Amino acid sequence: GAGVSQSPRYKVAKRGQDVALRCDPISGHVSLFWYQQALGQGPEFLTYFQNEAQLDKSGLPSDRFFAERPEGSVSTLKIQRTQQEDSAVYLCASNEGPAYNEQFFGPGTRLTVL
Amino acid sequence: SQQGEEDPQALSIQEGENATMNCSYKTSINNLQWYRQNSGRGLVHLILIRSNEREKHSGRLRVTLDTSKKSSSLLITASRAADTASYFCATDRGYGQNFVFGPGTRLSVLP
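Protein chains in written order, with our numbering: chain Y, 1 to 114; chain H, 1001 to 1111.
Bound conformation, chain Y alone (with noise of 0.2 angstroms):
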């Protein structure tokens, strides 16, 4: 089946712009996980959802960073606000639930912030 996927690929947003950036997990896959990736870094952990709940957001670096997941399946990333500094990739995962360790990355949004 299809994999993980996330749009758009790239978007540039100006300093003070909202962004929404969304991810499509595997079919039927419970967990889905955002990081953000710095140019040069490995992925920092933002924010877990386990179906819709919202489990884990103690990554999510301030309060303009949100994310729904609302029919546990699609999930936004929605930055308000953006600044400078919140330039990077965005990755989404999902697998299958908390009981596997794999997990499948998409390819991920490069949010360029002017």
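Please keep in mind that the hints were generated in silico from the structure rather than gathered at the bench.
Some hints could be false.
[What the hints assert, rightly or not] Just some of the chain Y residues that point at chain H, by a computed CB distance under 8 angstroms:
id: 1; residue: Gln41
id: 2; residue: Pro43
id: 3; residue: Phe45
id: 4; residue: Glu102
id: 5; residue: Gly108
Keep in mind that this is a model prediction, so the values were computed, not measured.
Glycine is no exception: its CB is placed at the ideal position from the N, C-alpha and C atoms.
Chain Y is fixed; fit chain H onto it per the hints.
Structure of chain H alone, referenced to chain Y:
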């Protein structure tokens, strides 16, 4: 902040040589995984080793884990140009699903 630290940060070898990358971490873990990332792509899972395991093999990959030293190593034997990528270790504490990635090793395999 990232728990894992890979070294070296960058590694350049000739095709056919072996590549060894190391990962160190700070707190106790349940599992340790290695992922590969090709430029501009998402991460691909390579191998998982549990905290009660010491060594694991998968094809040309060999992973070791030393929980007393809080370190792991990834060995790629008989490297190929297609192995050129960044390699990351990721640790988790178990059920909480909070995965922590290191900064990665950038491997270049020259033909």
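Structure-based check of each hint:
1. The beta carbon of Y/Gln41 is positioned within 8 angstroms of a beta carbon in chain H (closest approach about 5 angstroms), and the interface hint is therefore held.
2. The closest approach between the C-beta of Y/Pro43 and any C-beta of chain H is roughly 5 angstroms, which is under the 8 angstroms cut-off, so the hint is satisfied.
3. With 8 angstroms as the threshold, the beta carbon of Y/Phe45 comes within range of chain H, its nearest partner Cβ sitting at about 6 angstroms, so the hint holds.
4. Evaluation of the Y/Glu102 hint against chain H yields a held restraint, the C-beta minimum of about 4 angstroms falling below 8 angstroms.
5. Satisfaction of the interface hint for Y/Gly108 is found here, the shortest Cβ-Cβ separation to chain H being roughly 6 angstroms, below the 8 angstroms cut-off.
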